[in-house]
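Residue numbers (the working numbering), protein chains in the order written: chain A, 1 to 287; chain B, 1 to 405.
It cannot be assumed that every hint is accurate.
Simulated coverage check for chain A against chain B, where a stretch passes if three residues somewhere in it have a Cβ under 8 Å from a Cβ of chain B [claimed, not checked]:
| hint | stretch |
| --- | --- |
| 1 | 28-37 |
| 2 | 62-75 |
| 3 | 221-235 |
| 4 | 261-272 |
Ranges of calculated distance between the beta carbons of each label pair, as one might list FRET restraints [what the hints assert, rightly or not]:
| hint | chain 1 | residue 1 | chain 2 | residue 2 | range |
| --- | --- | --- | --- | --- | --- |
| 5 | B | R364 | A | H278 | 53 to 59 Å |
| 6 | A | P244 | B | D6 | 53 to 59 Å |
| 7 | A | G280 | B | D6 | 16 to 22 Å |
| 8 | A | G280 | B | G5 | 20 to 26 Å |
| 9 | B | P262 | A | R215 | 30 to 36 Å |
Restricting the straight-line Cα-Cα distance to at most 20 Å, the calculated cross-link-like pairs of lysine to aspartate or glutamate (EDC-like) are [said to hold, decoys possible]:
| hint | chain 1 | residue 1 | chain 2 | residue 2 |
| --- | --- | --- | --- | --- |
| 10 | B | K64 | A | D283 |
| 11 | A | K17 | B | E218 |
| 12 | B | K339 | B | E263 |
For the record, the hints were derived by calculation from the structure and aren't laboratory data.
We treat Cβ as the ideally placed atom computed from N, Cα and C, and that holds for glycine.
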Amino acid sequence: MAKEIYTKYKMAKYLRKEALPTALCPGCGGGTVLNAFANAIDQLGIDPRDLVVVSGIGCSAWIASPYFLADTLHTTHGRAIAYATGVKVGLPDKKVVVISGDGDLAGIGGNHLIHAARRNIDITVILVNNFIYGMTGGQVAPTTPFGAITTTSPYRNVEHPLNIAETVTSAGASYVARWTTFHVYQLIESIKRALSVKGFALVEAISQCPVQFGRRNRMKTPTEMLRWFQKNSVPLSKARNMSPNELEGKIVVGELVNREKPEFTEELNSLIEEVSEHYGLGDNNAD
Amino acid sequence: MIIRGDEPEQIRLLKKLYPKGNYFMQGDEAIAYGALFAGCRFYAGYPITPASEIAETMARELPKLKGYYIQMEDEIGSIAAVIGASWTGFKSMTATSGPGFSLMQENLGYAIFTETPLVLVDVQRSGPSTGQATKGAQGDFFQARWGPHGDHPIIAISSTSVEDSFWETIRAFSLSEKFRIPVLVLADGIIGHTREQIKIPDPTEVEIVYRKLPTSDEEAKYPFGDVHGDLIPPMPLFGHGYFTHVTGSTHKENGLRDVYTPEVHDRLVRRLHKKIELHKTEIQKWEEYYIEDAEILLVSWGVSARPSLGAVMKGRKKGIKVGLFVPKTVHPFPGERIKELSKNVQLIIVPEMNLGQVILEVQRFVRDEVPVIGVNKIGGVPLTVEEILKEIESSAERSRHRSAD
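Build the full structure now, drawing on both the sequences and the hints.
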């Protein structure tokens with residue numbers, strides 16, 4: 001039966017059918033992100049054979065692996081970007097994409113995120129931010145809103161969330177955007193741009209986890225969560241004129257940065273040329 | 001890109017850059033040159049004493065050979081990048097020491113489980129924790145065996161001199177490529193920082209081993225399947241349109257995750273062990289000195305094997321029938337051979353720079369049939385010929401008294 005449903009879905013050709021149906025909970029935003037990514041790949045006409053998708057540990061890591069049909073590297077917790085760095089250096093002509101969650105990429109793996117952005121290596125990161133450690137049962141994350149209830153902040157969260165998109169912008173990425181699963185078309189456009197930019201690109205996709213986050217924070221259904229995204233989202237242009245107080249608890253959406261900068265693997269390869277020339281190692285210098 | 005397919009050019013470059021002849025260098029540098037001659041063209045690392053010279057040598061030399069050096073943000077990222085690069089076909093390496101080796105254990109387990117070839121050099125230093133950062137030690141013997149969690153096989157090799165470090169690093173790459181498993185080089189801060197003469201060979205004298213690649217699309221469908229009957233699956237590299245799926249979760253032969261079927265886990269983990277067990281004779285290596293008529297047998301590894309050999313030679317001059325066994329592959333430990341040798345000896349002495357690690361392996365194989373004693377030294381200063389000789393002499397003395405009784 002499942003097979004029949006998937007043959008009706010236009011993007012099914014990009015999925016590993018033997019791995020379906022997905023293990024994601026009903027109402028999870030992960031499917032929306034997977035759909036947006038598949039649409040972006042489709043619209044850009046990227047051959048999945050030219051893709052390597054890398055992910056870490058957690059619900060969002062499953063979006064890429066095993067569900068996406070490409071070379072897929074499902075790594076250890078937090079280290080997807082570091083693994084992807086080796087992959088990209090080895091295959092500079094392929095698109096290397098990391099899809100994983102906030103806890104994985106910005107919590108345990110935060111250091112790799114910052115440094116990959118600093119290197120400006122040509123990797124596209126789709127960071128699915130659902131404010132929570134979902135797979136392990138809904139524990140507080142570095143992205144959980146101040147005051148929110150989780151299984152390890154049962155009274156209220158006394159920590160402040162990390163602003164991932166701004167952090168990565170400051171670290172030096174070529175491209176950074178933030179959208180929510182409510183903004184599906186903008187999300188697709190940004191993923192397309194992120195895939196096209198030469199350099200480190202981050203798309204932070206705010207996503208709903210009604211089971212582990214919404215349920216404990218007065219948003220039991222996915223619809224309630226999407227409505228919350230809709231009401232709380234502020235476009236970047238508008239946010240620029242708002243005070244920090246006014247922005248408290250808001251989700252600023254849009255394209256934070258899109259700039260041309262020297263890219264890491266290109267630098268590495270031109271270094272090889274320079275060194276070869278410096279030491280006279282070229283073929284024509286053969287003894 | 002890699003040496004495979006680019007051999008004539010790579011050999012031309014190696015010949016031009018490092019002409020055959022005598023060089024004077026540190027053990028760390030010899031490890032780096034060994035890696036370069038073995039075809040390593042990707043290195044990711046993080047500075048740490050006493051392993052930093054390996055990174056420095058690779059950073060300087062790799063670009064000359066069209067290879068890549070990356071300095072990562074930590075040791076966890078270093079081995080991660082090495083694994084990623086290995087799946088694109090690069091022979092890849094990282095090097096570190098105690099604290100960094102500890103940080104690498106999780107991803108080392110990943111590499112073992114996903115059968116990713118790589119070489120990890122641990123230039124052992126005095127621990128635990130930061131310990132004596134600049135001082136050598138041999139305290140990581142069991143961490144090398146059991147560092148990552150869970151049941152797993154491992155190959156670890158240890159060298160005894162600067163020149164030996166060059167060749168043993170090449171052997172590490174060969175074993176890693178051939179058996180699709182990470183190979184550890186257990187160097188130490190003393191040999192790592194010792195300068196000695198070393199003969200660099202002509203690159204054509206070095207045997208180069210490559211990992212098996214799938215010969216058909218059908219074979220490529222089973223990145224973790226025993227398609228050739230030798231328990232070593234061919235490796236469908238990324239970027240070839242195979243849609244290879246690699247995960248650190250328990251996986252089926254086709255790479256897809258299956259953590260619910262006990263047989264799948266059992267089959268996979270047992271094959272990984274059998275893969276090494278089946279090829280053990282090819283993997284194990286040791287050296288024997290003066291063992292034919294030995295009554296006292298020394299078993300010593302790495303840097304400690306040197307004063308041990310000195311002590312054996314001096315002991316022989318004094319008429320003591322003493323011999324030496326040096327395991328060069330330390331995991332899987334060549335204990336069967338020691339057991340064989342133990343049948344003809346009265347005593348086994350195990351000198352090492354720790355409070356007793358290899359001795360436990362020796363005892364495991366020899367059991368109580370022959371007494372086994374350790375000569376142990378910590379504090380960062382290597383064992384001396386005299387210290388070991390003293391133990392040999394007093395042991396010989398004791399056994400003379402015993403036979404006189």
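Against the structure, the hints come out as follows:
For the stretch 28-37 of chain A, the stated coverage by chain B is violated: 0 residues have a C-beta nearer than 8 Å to a C-beta of that chain, whereas at least 3 were required. Given a C-beta distance limit of less than 8 Å, the hint that chain B covers the stretch 62-75 of chain A holds, as 9 residues qualify and 3 suffice. Counting residues of the stretch 221-235 of chain A whose beta carbon lies closer than 8 Å to any beta carbon of chain B gives 0, which falls below the threshold of three, so the coverage claim is violated. A count of 3 residues in the stretch 261-272 of chain A with a Cβ less than 8 Å from any Cβ of chain B is obtained; the coverage claim is therefore met, three being the minimum.
With their beta carbons about 54 Å apart, R364/B and H278/A fall inside the hinted range of 53 to 59 Å. The beta-carbon spacing between P244/A and D6/B, approximately 56 Å, falls within the hinted interval of 53 to 59 Å. Look at G280/A against D6/B: about 19 Å separates their beta carbons, and that is inside 16 to 22 Å. At about 24 Å, the beta-carbon gap between G280/A and G5/B stays in the expected band of 20 to 26 Å.
Remark: the range hint 30 to 36 Å for P262/B to R215/A is upheld by a beta-carbon distance near 33 Å. A C-alpha spacing of about 13 Å is found between K64/B and D283/A, which places the hinted pair at or below 20 Å, so the restraint holds. Straight-line distance between C-alpha atoms of K17/A and E218/B comes to about 18 Å, which keeps the hinted pair within the 20 Å bound. Proposed proximity of K339/B and E263/B is contradicted: the alpha carbons are some 35 Å apart, above 20 Å.
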